[in-house]
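Peer 1: Sequential numbering from 548 applies to the sequence shown in our numbering.
I should point out that these hints are in silico values taken from the structure, not numbers from a laboratory. In this text the structure is predicted, and so the values were computed from the model without any measurement. Mixed in with the good hints, there may be bad ones.
Heads up, simulated DSBU-like pairs for lysine-lysine below, C-alpha to C-alpha not over 30 angstroms straight-line [claimed, not checked]:
1. K1405 <-> K1331
2. K1075 <-> K1092
3. K1313 <-> K868
4. K900 <-> K1325
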Amino acid sequence: MMKKKSLCASRASLVLFLCQMISSLDVPLDSKLLEELSQPPTITQQSPKDYIVDPRENIVIQCEAKGKPPPSFSWTRNGTHFDIDKDAQVTMKPNSGTLVINIMNGGKAEAYEGVYQCTARNERGAAISNNIVIRPSRSPLWTKEKLEPNHVREGDSLVLHCRPPVGLPPPIIFWMDNAFQRLPQSERVSQGLNGDLYFSNVQPEDTREDYICYARFNHTQTIQQKQPISVKVFSMDSLNDTIAANLSDTDIYGAKPVTERQPVLLTPTGSTSTKVELRGNVLLLECIAAGLPTPVIRWIKEGGELPANRTFFENFKKTLKITDVSEADSGNYKCIARNTLGSAHHVISVTVKAAPYWITAPRNLVLSPGEHGNLICRANGNPKPDISWLANGVPIAIAPEDPSRKVDGDTIIFSHVQERSSAVYQCNASNEYGYLLANAFVNVLAEPPRILTPANKLYQVIADSPALLDCAYFGSPKPEIEWFKGVKGSILRGNEYVFHDNGTLEIPVAQKDSTGTYTCVARNELGKTQNEVQLEVKDPTMIIKQPEYKVIQRYGQVSFECIIKHDSTLSPTVIWLKDNDELPDDERFLVGKDNLTIMNVTDKDDGTYTCIVNTTLDSVSASAVLTVVAAPPTPAIIYARPNPPFDLELTGQLERSIELSWIPGDENNSPITSFVIEYEDGLHEPGVWHYQTEVPGTQTTVQLKLSPYVNYSFRVIAVNEIGRSQPSEPSEQYLTKSASPDENPSNVQGIGSEPDNLVITWESLKGFQSNGPGLQYKVSWRQKDVDDEWTSVIVANVSKYIVSGTPTFVPYEIKVQALNDLGYAPEPSVVIGHSGEDLPMVAPGNVQVFVINSTLAKVHWDPVPLKTVRGHLQGYKVYYWKVQSLSRRSRRHVEKKILTFRGNKTVGMLPGLEPYSSYKLNVRVVNGKGEGPASPDKLFRTPEGVPGSPSFLKITNPTLDSLTLEWGSPTHPNGVLTSYILKFQPINNTHELGPLVEIRIPANESSLILKNLNYSTRYKFYFNAQTSVGSGNQITEEAVTIMDEVQPLYPRIRNVTTAAAETYANISWEYEGPDHANFYVEYGVAGSKEDWKKEIVNGSRSFFVLKGLTPGTTYKVRVGAEGLSGFRSSEDVFETGPAMASRQVDIATQGWFIGLMCAVALLILILLIVCFIRRNKGGKYPVKEKEDAHADPEIQPMKEDDGTFGEYSDAEDHKPLKKGSRTPSDRTVKKEDSDDSLVDYGEGVNGQFNEDGSFIGQYSGKKEKEPAEGNESSEAPSPVNAMNSFV
C-alpha cells in the first residue's frame, strides 16, 4: 500500500486545528496496551471547590489521578507547600493523593481552614486540582434576649423577627409551637425569605404565647430554638376592665374599631430595590404586604413576559421563583399588592451576572513526533473572563521554553513536536464571580507497531457473503498495513479486496477458494510486526423442499415438510413458528426431523406456519398457510351471548381495596367463561370506562385494588364463547383518599431540538395516577461521565422541559419524579439522553470510484471521525450525476441522483449508469440534524456498451427486383458506432423462411438499395447497430417486391362527398392504391387563413363523421393518407344547417309511449273479439253510427259498403336524396294537422347517419291530401295515427 502523507505537512498554521483532527492518534481502548503506554497525569477525582466539613468528623480532601508511570502527589496550603510529614494528624492514602485529617483523635477543624491544591506529577508532566477551600460548619447558639409580649390591635399588621445566628452554611428557618407543630400559614400569615413571620393583619385567633423560631443546621444535624414570642390581639368591643387597667391612657385613646386599610408593603421597603443573581442560579424575589382585607400579590416583568416553564410562585404568590436564570432574565420586576381599597407596588431591578462557563474546554492531545496540533480554551461569562495558561502547574510565561509551542490567546499551537514536548497544560478562566480550571495533556509517543488482534484467529463466513478479517493495530507514527494470502503469498491488491483504515481486510464476495491463511503486516519507521488469521468459507444452508399451502377439514390431520441441505461442518437447528410466534404447547403438534404434523385440527390451528433453519453463520426460512374448513354441518343448539350481571354490591371498603360482588345473568346455552370488571373515574374522566380485571366465570366476588384520589364506580360484563354481554348497571360510587404518587412518569426521553439544548419529555401520569391534587414533576439532569451535581426544577403538570445552554451532542443522565400536595413518588430510574445534534463538520475523504462495467460503478470513501459527526451517525449519501455523453457533444441538464447507505458503511454500488458517459459524484455524511459538507467532486467515465436499436427502419420504392431501405441512428448509441448489420430472408406463401443473408453497412450510411431480389416476393428484414463492445437490439420490418414491370399503381383518392347537418357532417370517399393505408381528414372554415384541423380515421374505412361544427358555416374538407407524403384529395366545400330554436322529442322512441301503445292494442284486440262473438249471435254492434258521430276528416277506417275495417297503406314515394333537402329527425306528427309534412318539424338533411356512416334515417316529401271519398289514408301508418284512429 502507498504510504499516506500527513495533510498537515502542506498546510499553514491557520489550518492546524483541522490537521490535529486528521493526524492526531487514536489510542485503542485495549487494557493491555493502555498499561504499557506512557501517559501524563490526569486528575480523575477531587473535592468540591467550596468544601464545608463537619467539625466533629475527620476531614477527607480527595485527589485521585491516573498516569503511566503512576503519578506522585503533593499539596499546597494557602499558596505554600504543605508538608504532611510534619503533621501527625494528616496522612495520605496509599497510591492516592487523598488527604485524611484526623479530627476525631484530638485535632481541631478550625486549625485546618484554608485553600488547598493537589499536584499529580510523573515524568510526562504535572496536573493540578482546583483550589479547594476548607471551612468547618458552624452552628452557634442563639444570643439571649428579653422578648416583650406583642399587644396588637385587631386588623393591624405585625412582624415577628427571627434573627437567627450566623452559621455556615446558613440555617433553614421554620416556625413551630411548643408541641412541635408547624404554625399554619396562609395569604394573611407567612414566613419571609429572611425567616421573619409576617402578619398582613392580625385576628383574635392569632393570640398565643408560643411563637417559636427554629434554625436547623444541616451539616451538624442540630436545631437551635429562639425563646417563645407572645402575641395578644385586642379590640375595643372585647376590652374588659382588667385589660383596660393594664393599658395606658395613650393606648386606650388610640384604640379604635377595626377599619379596613389599603395595602402597604412590609418588605421590601421603598418603591425600588436592586438584585444581582448569577447565571444558572434560582432567582427569588419577595413582596409581603399589610392591609385589610388581606392583599393579593401579582407579579409582572416590565417590557416583557415572565419566562414560561421556568416561573413558579411560592408562599401564596408572595415569592417569585425563576429557575436557571440567564442574561435574558435581567430587567425590572414589579410586584403589585391589591385589595378592595387600593394597591401598592415595588419595582426590583434584576441584573444577571455569570461566573465563567465553558464554550470549548481543552482536550487531551496524543501526537507522533514531528506532527502538529493545538489546545483550545474558550469560556464566557459576565464580565468576560480572563484566560491564562499554565504548563505543569507553572504559569506558562515562566515555564521552561518549548520551541514547538506557541501561545496565541486562548489557543496553544504545537508544531513539529518531539517526545520532550509532552506536558500537562492548565487553562484558567476567571472573573469576579468565580473561575474554571481544566487540565489537558500533550502526549508525544514514539512506538513501534503492535497488532492487537489475537494470533491465528478463525473467521467463518457463508459463501457469496462478505468476509471481514481484523487487524487492529497501534503505533506511533501510524503504521502502514499490508495483507498477504498464504505464508509466502504476494501482497493483496485489486478491486476484489477492500482495505479499511482500521486495518480490516474486506473480501466483498467470499468464495470457497477464499479459504486459507491471511497475514497482516504492520510497519513504521520504528519497526515491523505481523499476525496470521484463518478464513473458512462454508456452503449456504438451503431448504430444498418447502412447506406447501394446505386446506384441511376440522378434526383432520395435516403435515408440513421442511427438508434442508447444509454445510457438513455446521449443525443446523430447525424451529417451527405459528403466525411468527412459538407453537402452542399442545401434544397435538408433533415436530419431526423434516416435518411438522398437527393431529385433530381445530379452527384455532388456522394460520401461517414457518420453518426456520439456523446455523452459527446463517439462517433461512419458508412459510405455508393452513386453512381449516368446517366439517359437514350437524344440527346445532342456538347459542347466544350471556345476559348482563345484576345486583352489584360494594363491601369491605378500605383505602386501597374494596370487595365487589354480583349475581350472574342467564348464560344462554353457553357457559360463562369469565367476568370482566370495568371502572369509571367520576372525578377525572366521567363517562369513560376502563378495564380493571378479569375473573373466572365461576367467581362472583372479587377483591379490587384501588388507587388514591379516585371516585370509583364499577360494572361487570359476562363473557362466553359467543361473545360479551351488555354491561351491568353501575355500582354505587366510592371516593378514595389522597396520597403521594405511587409511580413516576414513563417513557422519559432526552433529545435535543437545537445544538445547544436538551428537550426532556415524558408521558404524564393519568388523572387517577396522580393520587392527589397538585400534580407536578421534579425534572433532574446532569452531564454523564462528568462529576457534576444534579440540577433540578419543579414544573407544573406538563410533559416537556427544555434545558438551554448545553454542549452539542453530549450524553446526559435524566430522571423525572412525580409529586403532589402530599409528597413525592419513589426515586425514579435514570435514563440516558443526548443534547441537540449539529450538522457534521467534515466531508468524507479519500473518495475513490471503481468502474465495474458500463452501467455499474463502486464508490469507496474513508469514514469521518465520529467526534466530527456531532450527532447520531445515520449513514452516508452519495450524490452522482451525468456530466455528458461521450458519444454526443450536446449537453443537457440531468437531475442529481442520491443513494443513501445506512450506518457506518464506506462502500456502495452505483447502478443504472449510462454507458460511454462522464459522471461526477460526491459523498456527504448524514446525522439526525442533516447532511455535512460534500467531498470534492470526483469525475469518472463509463466504458462503451452495446447500442440501442435503430430509431426507425423504412422500406420504400419497391420494384421488380429491388427495395430501398432508410433508417435512423440509435437514440442511445452507448459508444462509437462501428457499423450496422442487415439480415434478410424471403418468406413464401406458407410463411416459411428462406436462407438468411447478412450485410455489414458502414456506420455513416443511412440508406441502402437492395438489388437482385426475386419479383413478387415478401422479405423479412432484421436490422441492428454495433459498437466495439457488440451488437445492440434489432428491429424488424417486412416488404414485398412488385409482380411485373407494369406501371406501379399510384394511390388515388376521389369522389369525396359530404352530407352536412347542424353540428356534424359525414365525409365519404373512394380510394385506389396499396392496401393498409391509414387515412386522415383535414378541414377548416372556407376562406379562413387558419391552419387545417386534422382528424385520424380508425382503420381503413372510407367514411368519417366530423363533429362539433358550427351551425350555418361553410367548411372546406380534404382527405389524405398517412405515410404518403404530400398525397391528398382535392378539396370539397359544404355548409352546415342553421341552428334550430328547439327540438321535438321523438315520442315514438320513448319507453312510456311504447308501453301505452301495447296496452291500447290489447284493449282493441279484446274489443274485436267481443264484437265478433256478438255478430255471430245475431246481435248488432253500432260501429258505423259511432264512427259517424266521431268522424275525423283525415281518418276513414271503414268501407261504406260492408262496414269492415279498411286497409292502411304507405303512400309515400321514396324519392332519391337531393343535396340540401330537409328530413325530420324525430318523425313526430301532431294530431291537429297531421297532413303537414314532417319537414316542418325536423332538423335534419337527406337522412341521418351513424358514426360509421351507415344510412339510418327516413325521408319524405310534402304530399297533397287524397280525395275525401277515397278509402286510403293520407299518411304513413305510424303509431300516432293508429292511436288517433281509436280515440
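Peer 1: None of the hints should be skipped; say for each whether it holds.
Peer 2: So, going through the hints one by one against the coordinates:
1. Only pairs whose Cα atoms come within 30 angstroms are accepted, and K1405 paired with K1331 is rejected, the gap being roughly 41 angstroms.
2. The suggested pairing of K1075 with K1092 is violated, with an alpha-carbon distance near 54 angstroms, which exceeds 30 angstroms.
3. With a C-alpha separation of about 27 angstroms, the suggested pairing of K1313 with K868 holds against the 30 angstroms cut-off.
4. About 26 angstroms separates the Cα atoms of K900 and K1325, which keeps this hinted pair within 30 angstroms; it holds.
Comparing the model with each numbered hint stated earlier shows that hints 1, 2 do not hold.
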